[in-house]
Amino acid sequence: MSPLDRRQFVGRSLALLGAGGLGALAGAEAERDGSASAQSLSPAALARRAEQSSLAAAIPFDAVHQAGILTPAPAQATFAALDAIAPDRQTLAEALQQLSTRARQLTQGGAYPRLEVDDPPADSGVLGPINAPDALTVTIAFGGSLFDDRYGLASHRPRRLTQMPNFPNDDLDPTRSHGDVLVQICAGQRDTVVHTLRELVRSVRGSLQQRWAIDGFSSARRGPSPHNSPRNLFAFRDGTANPDVSDSALMNRLIWVQAGAGEPAWATGGSYQVVRAIRMHAEFWDRVGLAEQEEMIGRRRDTGAPLGGTEEFQDPRYDLDPQGKRIPLTAHIRLANPRTAPTADQRILRRGFNYHRGFDTAGQLDQGLVFVAFNQDIERQFATIQRRLSEEPMVDYITPVGGGYFFAPPGSRGPTDWVGAGLFV
Amino acid sequence: MTCISAFLALTALGVGGGDSSSAAGRTPRTTPHPIGAIQAYSEADAKRNGAAGEGGAPPVTELVPVSPAAFVEPIARYKLYSAGQLQIMLGYIAHLRSALQDRQPAAARAAWRGAYEHWLHLGAVYGAFGALNDGIDGAPGGLPSGVRDPRFTGLHRLEQGLWQGARETALLGVAIRLGDDVRLLLRRLPSVQITPLEYVTRAHEILEDAQRDLLSGADVPWSGEGVLATAAGLEATREVLATLRSLLDGREGTIETVEFSLARLADALAAIRREHDGHWPTASQLSQRQSELLNGTLGAALEALDAVPGTLETRVPPSIPSLPSPSR
Numbered sequence: 001m002s003p004l005d006r007r008q009f010v011g012r013s014l015a016l017l018g019a020g021g022l023g024a025l026a027g028a029e030a031e032r033d034g035s036a037s038a039q040s041l042s043p044a045a046l047a048r049r050a051e052q053s054s055l056a057a058a059i060p061f062d063a064v065h066q067a068g069i070l071t072p073a074p075a076q077a078t079f080a081a082l083d084a085i086a087p088d089r090q091t092l093a094e095a096l097q098q099l100s101t102r103a104r105q106l107t108q109g110g111a112y113p114r115l116e117v118d119d120p121p122a123d124s125g126v127l128g129p130i131n132a133p134d135a136l137t138v139t140i141a142f143g144g145s146l147f148d149d150r151y152g153l154a155s156h157r158p159r160r161l162t163q164m165p166n167f168p169n170d171d172l173d174p175t176r177s178h179g180d181v182l183v184q185i186c187a188g189q190r191d192t193v194v195h196t197l198r199e200l201v202r203s204v205r206g207s208l209q210q211r212w213a214i215d216g217f218s219s220a221r222r223g224p225s226p227h228n229s230p231r232n233l234f235a236f237r238d239g240t241a242n243p244d245v246s247d248s249a250l251m252n253r254l255i256w257v258q259a260g261a262g263e264p265a266w267a268t269g270g271s272y273q274v275v276r277a278i279r280m281h282a283e284f285w286d287r288v289g290l291a292e293q294e295e296m297i298g299r300r301r302d303t304g305a306p307l308g309g310t311e312e313f314q315d316p317r318y319d320l321d322p323q324g325k326r327i328p329l330t331a332h333i334r335l336a337n338p339r340t341a342p343t344a345d346q347r348i349l350r351r352g353f354n355y356h357r358g359f360d361t362a363g364q365l366d367q368g369l370v371f372v373a374f375n376q377d378i379e380r381q382f383a384t385i386q387r388r389l390s391e392e393p394m395v396d397y398i399t400p401v402g403g404g405y406f407f408a409p410p411g412s413r414g415p416t417d418w419v420g421a422g423l424f425v
Numbered sequence: 426m427t428c429i430s431a432f433l434a435l436t437a438l439g440v441g442g443g444d445s446s447s448a449a450g451r452t453p454r455t456t457p458h459p460i461g462a463i464q465a466y467s468e469a470d471a472k473r474n475g476a477a478g479e480g481g482a483p484p485v486t487e488l489v490p491v492s493p494a495a496f497v498e499p500i501a502r503y504k505l506y507s508a509g510q511l512q513i514m515l516g517y518i519a520h521l522r523s524a525l526q527d528r529q530p531a532a533a534r535a536a537w538r539g540a541y542e543h544w545l546h547l548g549a550v551y552g553a554f555g556a557l558n559d560g561i562d563g564a565p566g567g568l569p570s571g572v573r574d575p576r577f578t579g580l581h582r583l584e585q586g587l588w589q590g591a592r593e594t595a596l597l598g599v600a601i602r603l604g605d606d607v608r609l610l611l612r613r614l615p616s617v618q619i620t621p622l623e624y625v626t627r628a629h630e631i632l633e634d635a636q637r638d639l640l641s642g643a644d645v646p647w648s649g650e651g652v653l654a655t656a657a658g659l660e661a662t663r664e665v666l667a668t669l670r671s672l673l674d675g676r677e678g679t680i681e682t683v684e685f686s687l688a689r690l691a692d693a694l695a696a697i698r699r700e701h702d703g704h705w706p707t708a709s710q711l712s713q714r715q716s717e718l719l720n721g722t723l724g725a726a727l728e729a730l731d732a733v734p735g736t737l738e739t740r741v742p743p744s745i746p747s748l749p750s751p752s753r
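Protein chains in written order, with the working numbering: chain A, 1 to 425; chain B, 426 to 753.
It is worth saying that the hints were derived from the structure and are not from the lab.
Everything numeric in this text was worked out from a predicted model, so none of it was measured.
Even glycine gets a Cβ: it sits at the ideal position worked out from N, Cα and C.
There could be a bad hint or two in this list.
Only part of the chain B face toward chain A is listed, based on derived beta-carbon distances under 10 Å [said to hold, decoys possible]:
hint : residue
1    : D634
2    : H704
3    : A708
4    : S712
Using the sequences and the accompanying hints, generate a full structural model.
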């Protein structure tokens with residue numbers, strides 16, 4: 001690293017370390033509005049109050065496990081894959097430390113200092129003089145390629161981390177796949193996410209370079225109850241059968257890498273992250289009869305209930321339907337999660353987002369799903385499910401075009417720790 | 426009676442009759458989107474009709490299903506046609522072999538175009554032959570090693586080589602194997618089973634594939650021949666529809682809407698070909714206006730074609746058994 005680069009890192013970090021206390025500031029503003037009773041406020045003031053209270057919400061960056069995994073998915077997300085171009089191991093370590101440091105500041109929010117007026121400001125200022133946290137999470141993960149021979153990390157490679165293979169029916173674009181580092185940015189507002197990406201890539205410039213990115217959004221929870229899962233762009237509810245994230249024993253069985261199990265010690269408490277940009281051919285899908293759509297998925301489109309049922313969270317009782325007369329044997333939900341004892345430890349935690357990125361060259365909507373799954377063992381869980389799904393009728397309507405396998409290390413333990421520090425001890 | 430019936434009746438009247446070879450000189454008619462009718466269709470209407478639809482959903486078709494036996498003759502006709510196309514394809518493959526032997530890359534690419542075009546004329550049987558199909562038109566995307574995979578062979582392996590300047594002699598073996606695979610398919614064709622549902626679905630989906638995989642460039646990344654491929658898909662679609670014409674007559678007005686929209690697509694393709702001196706341009710050679718015209722008329726054709734499988738249903742959809750009772 002050149003002396004200039006080093007000065008840039010240190011200088012900006014020091015400037016930003018002074019930041020803080022924004023939660024309090026935004027909170028105070030919400031408080032002021034709160035002094036009036038709800039009835040006396042105009043609709044505009046009510047909307048402003050709701051937005052401010054959500055803007056003030058801060059999710060801790062430092063924790064046993066990284067945020068953004070069990071955290072409920074907010075409205076907005078960006079996934080950015082970066083490649084390491086740092087000239088040496090020490091520079092890479094400093095860049096990764098910087099990534100965590102900046103992510104911590106942004107997730108906690110606050111005012112940033114004014115430098116001398118003839119210096120470029122420490123923050124782009126896109127969110128104003130105070131960065132509201134807006135329930136921002138930044139989740140940092142590493143691709144298998146980071147553990148090649150460039151930085152001497154090969155012996156630390158998480159045991160189950162490989163390059164994502166081409167599954168049958170995949171059409172992966174290499175320029176939109178894989179990468180050394182994946183940064184998952186989630187927040188309530190689009191501008192928060194865009195600002196965060198801009199600040200993070202600035203903080204590691206010259207060491208981690210942008211490879212690909214994809215923006216995602218969640219469908220609103222439109223009910224009828226707040227528990228009903230939101231819909232994907234095929235209009236079906238998605239995420240219904242997710243394991244219960246409040247069950248920590250279950251999370252230890254399915255999501256978190258446990259001590260031992262052949263994994264390097266630094267990986268304990270991390271999770272394997274699968275990201276797949278899955279193009280959904282929306283126009284084609286809209287030309288399919290409702291009954292055929294529902295048979296492909298195995299659920300009612302309106303209620304989300306398993307076919308033959310009335311409620312989204314009803315058990316589909318495959319044991320009573322061995323011939324597939326109610327729910328076809330090739331239905332998506334049946335292949336993905338057969339709900340049998342032997343497949344119980346294959347379950348994954350899905351945390352996907354819709355994407356929309358304009359039109360393709362044939363004038364078609366370029367829309368789909370940023371499929372995101374966390375699991376303890378990709379081969380035992382995600383890959384096994386994916387192979388079962390290779391024969392599902394829905395494959396005609398989707399094309400996986402990008403993504404990769406990554407490993408999200410355990411969380412940073414405090415202000416002087418950082419995600420991935422365990423690799424460099 | 427109901428808005429749905431009125432809508433169907435209007436559609437039938439609106440697009441009735443006429444020569445289907447060209448849309449020129451006819452008043453373009455816009456087909457009202459069914460969503461308006463669906464919204465206006467109330468639960469009370471559904472009950473009056475005795476329909477099972479819940480939450481105001483429209484009833485299933487009132488038409489009597491078509492007997493599966495009625496498809497025997499159309500499918501037999503289609504197989505005969507397909508055999509003829511495969512024979513023509515073999516002629517182009519022979520040209521391709523000679524051109525490769527003589528190291529004439531331009532002639533080889535022209536022969537490849539002819540072979541590919543006639544393969545796409547089969548449209549309706551794609552995917553029906555499993556491994557044989559993959560040998561003829563398999564794409565590298567799903568293979569573990571992509572384009573370097575030894576199982577990557579056939580038309581697209583040749584396409585990659587011919588457009589990326591591979592040595593002609595290196596491609597000769599692929600061309601010979603392609604000929605063998607096509608001859609094997611030709612021998613097996615008479616015994617291939619095609620169900621009525623598969624057959625009518627193809628009438629819709631040949632052009633869906635053209636839009637998803639060909640015009641987008643996804644399956645022809647090297648040659649970019651998506652326009653030629655779309656025109657070939659249109660030919661195949663018309664061939665399938667010709668065999669189904671007598672079954673479609675008088676049912677829901679589907680064939681009239683379909684033929685009108687296919688004629689518009691054919692007109693768009695013909696105009697594009699004229700504007701490119703009688704050749705098919707690659708997708709990237711299309712002007713923005715040409716591209717919009719082709720994408721738009723293809724999309725409209727697909728919106729019409731999606732009614733074909735439903736119009737020729739061979740069974741009333743079975744009702745779905747109920748789940749015993751919510752477990753929680």
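With 10 Å as the cut and Cβ atoms as the points, is H704(B) at the interface with chain A? With a closest approach of 20 Å, the H704(B) hint is violated.
Per-residue hint verdict: S712(B), partner chain A, C-beta under 10 Å: Status violated, d = 13 Å.
Identify whether the interface hint at A708(B) stands, where standing means a beta carbon of chain A within less than 10 Å of its own. holds, 7 Å
Would the hint on D634(B) stand, with a C-beta cut-off of 10 Å toward chain A? Result: holds, 9 Å to nearest chain A Cβ.
When held up to the earlier numbered hints, the structure conflicts with 2, 4 and fits the remainder.
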